[in-house]
Amino acid sequence: MHDDRHLVEGRLERAVRQFVRPARYAARVPLALTAWHAPRDGAPVPVAEALKAVYEPFAPGTAWGPPWSTTWFRLRGTVPEEWAGRRVEVVIDPGFTGDGPGFQAEGMVYDAGGVPLKGVHPRNRHVPVAAPARGGEPVHLLLEAAANPAVLRDFRPTRLGDVLTAGDRPLYRFASADLAVLDEEVWHLVLDVEVLTELMHELPEDRSRRHEILRALEDMLDALDLHDVAGTAAAARARLADVLARPASPSAHRISACGHAHIDSAWLWPLRETVRKASRTFANVTALARDYPELVFACSQAQQYAWVRDHQPHIWERIRQAVRDGTWAPVGSMWVESDANMPGGEALARQLVHGKRFFLTELGVETEEVWLPDSFGYTAAFPQLAKLAGVRWFLTQKLSWNQSNRMPHHSFWWEGIDGTRVFTHFPPVDTYNAQIHGRELARAERNFADKGRATRSLVPFGWGDGGGGPTREMLEKARRVRDLEGSPRVVVERPAAFFAAAEAEYGERAPVWSGELYLELHRATYTTQAETKRGNRRSEHLLREAELWATAAALRSPAYAYPYEELDRIWKTVLLHQFHDILPGSSIAWVHREARETYARVREELEGLIVGAVAALGGSRTAVLNASPYERREVVETDAGPVAVRVPPSGSVALGEAIEVAPVSARPAGGGFVLDNGVLRVVVDAEGTLGSVYDVAAGREVLAPGARGNLLQLHPDHPNQWDAWDIDRHYRRTHTDLTAAESVELVAEGPLRAAVRVVRVFGASRVVQEVRLDAGSGRVDVLTDVDWRESEKVLKAAFPLDVQAERSAAEIQFGHVHRPTHTNTGWDAARFEICAHRWLRVAEPGYGVAVLNDSTYGHDVTRDPHDEGLGTTVRLTLLRAPHCPDPRTDVGRHRFRYALLPGCSTADAVRGGLALNLPLRVATAPELAPLVDTGNPAVTVESVKLADDRSGDVVVRLYESCGTRTRARPRTAFPVARAVVTDLLERPLHEAPEELVLRPFQIVTLRLVRA
18 MHDDRHLVEG RLERAVRQFV RPARYAARVP LALTAWHAPR DGAPVPVAEA LKAVYEPFAP
78 GTAWGPPWST TWFRLRGTVP EEWAGRRVEV VIDPGFTGDG PGFQAEGMVY DAGGVPLKGV
138 HPRNRHVPVA APARGGEPVH LLLEAAANPA VLRDFRPTRL GDVLTAGDRP LYRFASADLA
198 VLDEEVWHLV LDVEVLTELM HELPEDRSRR HEILRALEDM LDALDLHDVA GTAAAARARL
258 ADVLARPASP SAHRISACGH AHIDSAWLWP LRETVRKASR TFANVTALAR DYPELVFACS
318 QAQQYAWVRD HQPHIWERIR QAVRDGTWAP VGSMWVESDA NMPGGEALAR QLVHGKRFFL
378 TELGVETEEV WLPDSFGYTA AFPQLAKLAG VRWFLTQKLS WNQSNRMPHH SFWWEGIDGT
438 RVFTHFPPVD TYNAQIHGRE LARAERNFAD KGRATRSLVP FGWGDGGGGP TREMLEKARR
498 VRDLEGSPRV VVERPAAFFA AAEAEYGERA PVWSGELYLE LHRATYTTQA ETKRGNRRSE
558 HLLREAELWA TAAALRSPAY AYPYEELDRI WKTVLLHQFH DILPGSSIAW VHREARETYA
618 RVREELEGLI VGAVAALGGS RTAVLNASPY ERREVVETDA GPVAVRVPPS GSVALGEAIE
678 VAPVSARPAG GGFVLDNGVL RVVVDAEGTL GSVYDVAAGR EVLAPGARGN LLQLHPDHPN
738 QWDAWDIDRH YRRTHTDLTA AESVELVAEG PLRAAVRVVR VFGASRVVQE VRLDAGSGRV
798 DVLTDVDWRE SEKVLKAAFP LDVQAERSAA EIQFGHVHRP THTNTGWDAA RFEICAHRWL
858 RVAEPGYGVA VLNDSTYGHD VTRDPHDEGL GTTVRLTLLR APHCPDPRTD VGRHRFRYAL
918 LPGCSTADAV RGGLALNLPL RVATAPELAP LVDTGNPAVT VESVKLADDR SGDVVVRLYE
978 SCGTRTRARP RTAFPVARAV VTDLLERPLH EAPEELVLRP FQIVTLRLVR A
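Whatever position you read off the sequence shown (first residue = 1), add 17 for our numbering.
Don't take every hint at face value.
[Stated by the list, open to error] Beta-carbon label-pair distances, calculated as ranges:
| id | residue 1 | residue 2 | range |
| --- | --- | --- | --- |
| 1 | 131 | 802 | 11 to 21 angstroms |
| 2 | 63 | 941 | 26 to 36 angstroms |
| 3 | 759 | 62 | 32 to 42 angstroms |
| 4 | 463 | 882 | 44 to 54 angstroms |
| 5 | 671 | 1007 | 48 to 58 angstroms |
| 6 | 941 | 716 | 21 to 31 angstroms |
| 7 | 171 | 307 | 32 to 42 angstroms |
The hints are simulated quantities; they were obtained by calculation from the structure and are not laboratory data. None of these values were measured; they are calculated from a predicted model. Note that beta-carbon positions come from the ideal geometry of N, C-alpha and C, so glycine has one too.
Could you put together the complete structure from these sequences and hints?
Here it is, written out as C-alpha cells:
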C-alpha cells in the first residue's frame, strides 16, 4: 500500500477545523444586552447590589473593562419555537483572547433571581437552557464579567499588576452572547475524532493499531458530507464505532484521573479576585456533576472553601451535597497550598491543623493526603508533620520542573529528618492541569519510572492556576479512554482510592527518598519581596509570644479572657499569606502591597494582645519578659539605657535585678575600631568590614586568612526567565565588593554595648549598618537599614570562615538539614542557593560557626581555599530587584538584622536563632517562673497555648532540636493532674510518661490537664 498517511491526516485536520467543529452549534440567535459598570474604587459588589443597579443598552462589539474592573450584563431573549425538542444553550464570548482560562476575562452567570449557575471562560462558554427545549422559554441571565488583565507576557515589566497603576483603557471588546442549538451528534463526533487522532499520533508508526485508526478516520470522512455535517454525523460516527470499542491491553498502564482546578490563592490577581475564581470554578464543577455523575473533583485549600461559604451560600450548599454524593473529594489537609520551605515549624503544623479541622467540622471529611502540586520544594520535616496530623499520603508535581536532575521515582516512600516515612506520588503526566489529551496519557505511561513493579499513576485534570476546572469535553474523553486499545486505562476516581491501591500494590517494594525534596528551580523565592518575608517571620514569632503570655495570663488571672477568636483569625491570616505565590514573592505588585499592609495590621493587633496579656499578669515593677524557651543573659535596651539581665526561659525577671558582666570596650585602631568583651575581639576595619573576629575562649581566628567578614557583594541578576522566581547560576560570574564607606564611626563604646556605624552608598542605594558587640555576648550583631534602589541586582552579605566544613546545617521546621558544601554530583551542584530559617551553621570537628538572621531565608555556602588551607564561605541573600511580575520589587526601605555566632554547637545555634527572633520585652509585670521548661537544651519548646476546644487544658508542643536521642522531664509553673500525648489536632494518642524519650528531631504534643 502506498504511504498516504500525511494526505489523510491533512484532509482530516482541515475537515474538522473548517467544517465539523463549526457545525456543533446548529443555529444561533443573539440575546439582547444591557450593562452596568460597577465602581472601580472598591471591592466587587455582591449580586444583590447588581440586581438593583440601573442597566444601559449595550451592543456586541463595544469595548468594556478597564483593568481589574467588573461589568454586569443582563442577557435577555426567548427560545425560538422551532427549536422545540433540541438542546439549547447560551454561548457567551465577552471578548476572550488567546490566553488560557484564568489569565484573562472570566465571568459568573446568575439566573434572574441572583442564584449562581456556572462560570464562563474561554474553554467553557456555555450555560444550559433546556434539553430538550419546549420552544418559547424566556431567558434572563446576569453575567458578572471580570476584566482581569493578562500580566505575565514574556516576563516584561508591566504596570497592569496593580489597580493603582493599571490605567483605565478597556481591555476587551464584547464579541457575542447567543442562544444556540447544540447538535449533540456533531459534538460527539468531534470528541470521537479528537480521542482517536490524539491516540493515533502517540502510537509508533509501525504499530498496526495506528494504521487501523487512520483508516477508520478516513472511512469516517468518506461517510461525512461536509456540506451537511449535521445530517451525516451519525453515519460518520458509525464508521468509528469499531476502533473505539477495542479494549485496552491487560497490561496497559492504569491511570486514576480526578477532576482538579489548581487555584492560586493569589498570584497574577489579588486575593479578592481569588474569592470569585473559586466561586466560578466550584459552580462549574457542581453543575458538571449533574450531567456526569462519575465525576470526582479533588479540591484542596480550606481557605477557598471558607471564602465560598461566606460569599456564595448557594454554591456552598451544592458543594456540601456533592461531598455527600461522592462527586467532590476534599483533599490537601491544609489551610492553603502553602510554600513548603519558609513557613516556620509551628506555622506548618497550624496549616495542617486548620485545614484538617475545617474539612472535619464543615464537611465531615477526614482528609488523608497532603496535596501540594505547585509549591517550590518541600521541607524534610513534612513526613513527620503529615503523620502527626493523621495524613497517610503526599502528592506533588512541581519536581518535574527540575532544571538539572530528574527525580528517579514517581511512587516512593519519602523519609523525613526524624525517620518518618509517608507514601508519596509524583504524577508522571508532569502536569496538574491535564485535559485527558492522548499526548498526556501517553506521557504518563512513557514517563513512569516505576514500571515493572508498579502499574498505576494519578492524573489531575482540569483548567488550573487561575481556576476553571474540568469540562464536559474532558469527561467525555475520559469515558472513551476508559478501556481503549493503545491507550492507558483511565478511571475517574477519588485520589484516596488511587493512593490506597498504589500503596497496596507497591508499598512493600517502593524505593525511599530521604531528606528534602529540593526543587532545582525558583531558588530566588527564598529572597524576593523581602518585606513580605519579614512580615511572615515577625508575625510567626509575635503569635508565639501572644499565645505564651495569653496562656500565662489565663492561668494566673481568672478574670482574663483568652483571645481564642482573635488568635484563630490572625493565625488564618498569616497562614493565608504563606500561600506559595505570596510568601515566595512571586505575585503581582497589588498582592505584595496588600501583604505589607496586612502584616502591619497583624503586628499592631498582636502587640495589643501581648500588652493586654502582660497587663493581666499583674505586677507593679518593670520586668523583662523572655518568650524563648531558653534562659537568656543579654543586654536589653530600657528607657534608662542598656541593662544586663538574666531571664528564665518562658518567664520574666524584675529589671532591678541586673547582673554583673565583664564590660565591653572599644578603641580606635588602624583607621577602624577594635571591640573586645573578653569573649570575642572584633576588628572593624577602616572600610567598615570585619577585619578580624577572634574567639578568645577557643584561641582562634574565625575569619579565613586575608578575608573580610560582613562583606556586602552586589551581583547582576538576570535569570533566563521567571524573574521573581529564579536566580540562575551564572549570576556568580560577576560581582562587585562594596568596600567603599562614606563613614565609619564609633557610636557606642561600652561598658555594656559597643557599636560601629558604617554608611555605604552604591548605585542609587544607601545602606547603614551598625556592627554591635554586647558585654558578655558571644555574638556579633549587624543591624542593617537599606534604602534599596537597584534594578535587577542581588545583594549578598559574605562571611568567609576559617572552618573546613564538609556540609552545612540549616535550620528547618522542627530541626535542621545537612547539605554538602561540595559539588561532587549534579544533585549537589544544583543546590547553589539554599533555604535556612533562623540559623545556618558550618563546622569542622570540634568547632562550629553559625550565621543567624531575623528575616532572611536565602543563603549560599561554598568551599574556598586560602593560603593556609580550605575555608567555608557563608553568604546571606539579602535583597533582589526583579521587574516581573512586580516592576518595583523590593524598591524602598528595609530593616533587618543578622549575626555571627562563633564557637557554637548546634544547641547554641538553636538558642541563638530564637534569641535573635524573640527580642526581650520590657514591661510592667511580675516575676514569672518558667511557664514550661524541658530542662534539656536539646529539647525545644515550640509553642504553649490553651487547647482549641476551650477546655482550659494547656497544649505544649516540643521537639528534639539537635539531632540526638535524648530524654526530658518537662516542668511547669502550674499544677498538672494529667498529661496526654496528642496528635497535631490535640486528639489524644496515649498517656504521657513522666520522662519523655525522644528520637532525633521527634515532635511531641502534650495536653496538660490542670489540677
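>> Quick check on a hinted range of 48 to 58 angstroms for residue 671 and residue 1007, using CB atoms only.
In response: At 41 angstroms between Cβs, range violated.
> Given a hinted range of 32 to 42 angstroms, is it respected by the beta-carbon distance of residue 171 and residue 307?
Replying inline: About 41 angstroms separates the Cβ atoms of residue 171 and residue 307, which means 32 to 42 angstroms holds.
>> Given a hint of 11 to 21 angstroms, does the C-beta separation of residue 131 and residue 802 actually sit inside it?
In response: Given a distance of about 53 angstroms, which is not inside 11 to 21 angstroms, the answer is violated.
> Do the Cβ positions of residue 63 and residue 941 conform to the proposed distance bound of 26 to 36 angstroms?
Replying inline: 47 angstroms, violated
> Taking the CB of residue 463 and the CB of residue 882, does the distance hold inside 44 to 54 angstroms?
Replying inline: Given range 44 to 54 angstroms: holds, Cβ gap about 45 angstroms.
> Taking 32 to 42 angstroms as the hint, is the beta-carbon distance of residue 759 and residue 62 inside that range?
Replying inline: 53 angstroms, violated
> Taking the CB of residue 941 and the CB of residue 716, does the distance hold inside 21 to 31 angstroms?
Replying inline: Violated - the Cβ-Cβ distance for residue 941 and residue 716, about 44 angstroms, lies outside 21 to 31 angstroms.
Checked against the numbered hints listed earlier, the structure breaks hints 1, 2, 3, 5, 6; every other hint is satisfied.
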